[in-house]
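Going line by line, the protein sequences match chains V and L. Each residue of the first sequence is one higher than the one before, counting from 2 in our numbering. Each residue of the second sequence is one higher than the one before, counting from 4 in our numbering.
Bear in mind the hints are in silico, worked out from the structure with no lab data behind them. It is possible that some hints are incorrect.
Pairs of lysine to any residue, SDA-like flavour, derived with a Cα cap of 25 Å [to be verified]: (1) V:LYS11 to L:TYR231; (2) V:LYS179 to L:ARG105; (3) V:LYS11 to L:ARG110; (4) V:LYS216 to L:ARG110; (5) V:LYS179 to L:ILE217.
All figures in this text were calculated on a predicted structure; none of them were measured in a lab.
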Amino acid sequence: MLDQAFDALKTFNWGADLNLLAPITDAVVSTHSSASARLELENRLAAVLKTEAPRDAKDFVCRKLMLVGTAASVPVLAGLLTDKDLSHMSRYALERIPAAEAGAALREALPKVSGMLKIGVISSLGARKDAEAVPALAALLAESDAAIVKAAAYALGAIHNDAAAKALAGAKPIAAAKSAVSDAHLSCAEALLAEGKKVEALIIYKSLMNAEEPKHMQMAATRGMLACAGK
Amino acid sequence: MGNYRSSRRDFIKTAGATIAAPYIITSNALGNDTVAPASDRIVMGGIGIGNMGRGDQGAFLGRGDVQYVAVCDVRTGARNESKGKVDGHYKNTDCKAYNDFRELLARTDIDAVHVATPDHWHAIMVIEACRSGKDVYCQKPETRTLREGPLMINAARRYGRVVSGGSQRVLEDYRGIVNQCWGGELGPVKSINVNVGPLSQLCNLPEEATPPDIDWDLWLGPAPWAPYNGNRCSGNFSTNGNSWRSYVDYSGGGMTDWGAHHFGGATFAVDVRELQPTDVVYSEEGGVWVSLKYPNGIEITHNKPGMQNLQVVGTPGEKRESKPVPAYKGQGGIYGDFIDCVKTREKPFRDIEFGVNTIAVSHLAAIAYELKRSCKWDSVKQAFVGDEEANRLCDRVRREPWQL
């Protein structure tokens, strides 16, 4: 049955019967307690990504690798990050694979992609809270494309470590991305406050208390300052 | 509150001194017994004006303390129809219609929005609305993934926004069982059962020609790209394959759609709205079902064999103090509750945190069903304990350019 399902993948396209692939979905669950069976399944799935199988088939494979993928699948998934049709589904798996190799693959792809695909890779690095990506993300805060700057800011806010906070504090973003940088800075302040670093958090909140910020941002900063004061 | 109200008040205060030209104040602007003066109305817009959005829009539009000024939908027909409804109500053509919600949220004169898009958009829109300083009424189910919930709560709290979920049934349909539990009639409550489903499925419908009146890429938004098919994006209420509610990329299926109501009623009845379960026990005894246990000992079961929907197991004969049942604030059901809280800055009945906790029950059970095993959930860390695979299911990776 599993062999037939993999055969079906070779020509699987929108409109085909999903039941043909059910044995693969079943195998994802049944191999949970067998490392060797799981690795075999992973390798078979990853191999499909190297073929001329239709986009729909590769989408299905990436959905399964999201759950069973390990470092072993990373190279083939990484190869799809620059593919405009498959970059998202590659990230669909890579972002959720906890292996360090997945993070490294996303960082390595960052300078190779542009536009929408770059925004996607940036957001995956943020979702993974990839501390090693901070220097590269920080550099993007100076870009002229507001969408890239916003994505980098939100990713740094999601990572919200000391290095991310420092990068955001020193950023001079274009006007269209300023609110995203401020929002990300608030994320860092909240993280610092949660760690008991009230002085560091207060510096951020005070920096956002200026007339250039919209009223709700100033309210957020005020609320943060009160929290720093234990109120 | 946005800048609109204060700036308008400031304008009226100084108008006499600064304006020489005649200024005509309409009776509508001054208000009357049922309509608030313009300066006191909550300025609202709506995003996603389909089956649920139309109802929400009608409820807000009919309120004298709301000034409805903008609609947004990626379908031209729905957008124009909803603009026409607003314009007809106010007898003018002032309502602005948007294809892209970001343009609506960028308006500084709008105080609050209601969101009734397919579920995969909810988190992004709620968070973006909070970042724009707007209060939000968001249709249930509030989240599509576990990861989204805390981010939505945080955005609401960070910016001091009123964010209400949208299940009117929690208080209105289950009042009997709620009153029994809160009134102490059943003694200390042990458990409550919810029967709801099904889970959503992958969608592999064939490609159809994309109609010219839909922005298909924006309809898909953060979901994986897929070809257009009318049943993929239909907003009808079924979960059997001919609506977006059937499919995993857009919905959790009946498990989250009606689950938002039933689990909402259950968590309210047994008073665990502030908590999330910690033990998710998958069972195949007598059928496939799940038990979700809370740290305070309360258990919610899902589809437990032999149990009715919202059947409570109490401790008859044992005394339990009764306590007053929370109610909506203001007038006009859950919509009035939201608007009242926008004015007072209090938390609404279905505060976003309660909505998130409710749908977390659905998500946790769905993950146990998918993996066919039990899991432990750390609600503080928002992570499964010792189950890296289950943790991968806490979120679904968003298509560029969308991120949380």
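A quick look at each hint next to the structure:
Between the alpha carbons of LYS11 (chain V) and TYR231 (chain L) the distance comes to roughly 22 Å, so the proposed pair stays at or under 25 Å and holds. Distance hint between LYS179 (chain V) and ARG105 (chain L) is fulfilled; the C-alpha atoms sit about 16 Å from each other, no more than 25 Å. For the suggested pair LYS11 (chain V) and ARG110 (chain L), the alpha carbons sit about 49 Å apart, so the restraint of at most 25 Å is broken. A distance of roughly 14 Å separates the Cα atoms of LYS216 (chain V) and ARG110 (chain L); the hinted pair therefore holds under the 25 Å criterion.
Using a Cα cut-off of 25 Å, the hinted pair LYS179 (chain V) and ILE217 (chain L) is violated, with the two alpha carbons roughly 32 Å apart.
This entry does not satisfy hints 3 and 5, going by the numbered hints stated previously.
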